[in-house]
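Enquirer: These are the residues of each chain, in order.
Number of protein chains: 2
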Amino acid sequence: MKTYLDCLPCMMNQALRAGRIATNNDAKIKQVLDEVGAMIKDIPMYHTPVQSGALVYQKIRDITGVIDPYKDIKKNSIKEALSLYPTLIKLMKKSDNKLLTAIRIAITGNIIDFGMDKQYDLAKELDIVIKQDFAIFDFKAFVNKLSQAKSVLYIGDNAGESVFDKILIEALGKPVTYVVRGIPIINDVTMEDAIDSGIGKIAEIISSGSPAPGTILELCNDDFVHLFNNADMVISKGQGNYEGLSNVNRTVFFLLKAKCEIIANDLEVNENDIILKGINK
Amino acid sequence: MKTYLDCLPCMMNQALRAGRIATNNDAKIKQVLDEVGAMIKDIPMYHTPVQSGALVYQKIRDITGVIDPYKDIKKNSIKEALSLYPTLIKLMKKSDNKLLTAIRIAITGNIIDFGMDKQYDLAKELDIVIKQDFAIFDFKAFVNKLSQAKSVLYIGDNAGESVFDKILIEALGKPVTYVVRGIPIINDVTMEDAIDSGIGKIAEIISSGSPAPGTILELCNDDFVHLFNNADMVISKGQGNYEGLSNVNRTVFFLLKAKCEIIANDLEVNENDIILKGINK
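Quick note, the sequences are listed as chains A and B, same order. The opening residue of the first sequence carries number 1 in our numbering; numbering runs sequentially from there. The opening residue of the second sequence carries number 1 in our numbering; numbering runs sequentially from there.
These aren't lab readings, by the way, just hints derived from the structure by calculation. There may be inaccurate statements among the hints.
A pair counts as met if it fits within one copy or between any two copies, since identical chains are not told apart.
Stated by the list, open to error - Here are the computed lysine-lysine pairs in the BS3-like style, where the Cα-Cα straight-line distance is at most 30 Å:
1. 94 - 145
2. 2 - 30
3. 2 - 41
4. 41 - 28
5. 118 - 259
Being a predicted model, the structure only gives us computed values, none of them experimental.
So that you can see chain A by itself, here it is in the shape it has in the complex:
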């Protein structure tokens, strides 16, 4: 997905929010805003928003010296999600369509996103998403591809959401490789977060090497790119991964909630719609 004009002020909003999480020093936050503001003119609109997002969070690390501002937030998200896990697994297992319910549960977890300026309530979100109509629903193609796949490459998005992903990984019934970011960025899931979420018990966890809050193939490590290109089936969670991968040439199934108007427009859906979209399927 390209950068839209609306993404530019949004970067300043994100810089302020994340700057405040990293430090209480207003002078340093002002410096973050100064430098992100000055950077806007160098952002090519053909870049994906997460590519520029990576630079925003790099500025925050450089100026504040805080490498992982969302560390505690992520730990709390995982803890909260783990407390829901017994409910989630029961919900999936008693369902008539376990796979579809697991997909809905995985999408529910996508609300745990501190890159957005939104509050969330996980239990309420689950009630909504479990019944909500999909705005894009390529479920048949998903089932078909899954039935042919020997294994699945599952690209994670946020910490805490990772616990919800575990339900879907269990429902897939195939060997899964779960992909995390290369460095801590916003509240995106890292190796440590995935392990804390219990993913290590049911899937192999690898790092894409991405330093961005999404998957940008040019910034990923060679091992991941090779796996991505050759995987039988790729599932991509969330907005950041959609932004980075929406124009690739292979089949990818995107599971997300369209949490901002710009991504909703790009997908030709409404804000807050839920999506199961296959490309090149």
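Chain A is already provided as a structure; the job is to place chain B on it using the hints.
Expert: Using the frame of chain A, we list chain B on its own:
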């Protein structure tokens, strides 16, 4: 009022909104965002937000060549407000406390603000504000000052709101000088807008010379500054005028709705509260 960190991303949001009203040319809007972004580092935090706001809208004029992007919007706001005028005047005249009702009506008009990212519904807003408790209510001091004043200097804010101001001007029962901006900026009331609103029939209209979406004395013309310093009573409408005048050394009565969180915090009230605040009273 000083500039807060939150005002800086807000300037980018305003640049995008106003850029889109001025032109459909995305490259020009990108240039506006580039230049406003680059400007952030030169904004001293002791400046008032409207002082920097003036520079944002100057950039839009310079880059798009459009001097008055909000011209049609202002004409429509005035037309809509004039259609409500008979209802408003009746409401004021049948009220037990005409002055207070007129103040409430004048504050209702303050919702017509295209500098904000909010939709509004005038009739609904009137229903709310006519009953809403004031968060700051210096009505006694207001009445006292008014009873001693031979005349009143009334600093207007937005076009359309000016029609609501007319009700209060009538209720004041004193000779009024109504102050408009020096140039078209956002949807702020200019000489032409004040005349179209019917203010000319009941008050003298003068320009403060301010090129900002608020009153910054250093940027106003000498005649206005002299009048401001020597007026028996000054009434200031809206956020922009509050931002510019909140630290002056004379008595001023501010009438406004706190439409953004930052101004609400500065006033120590909640967002959407209504205010009748006297300073140095």
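Enquirer: Please flag the earlier hints that this structure goes against, numbers listed from lowest up.
Expert: As far as the earlier hints go, not one is violated by this structure.
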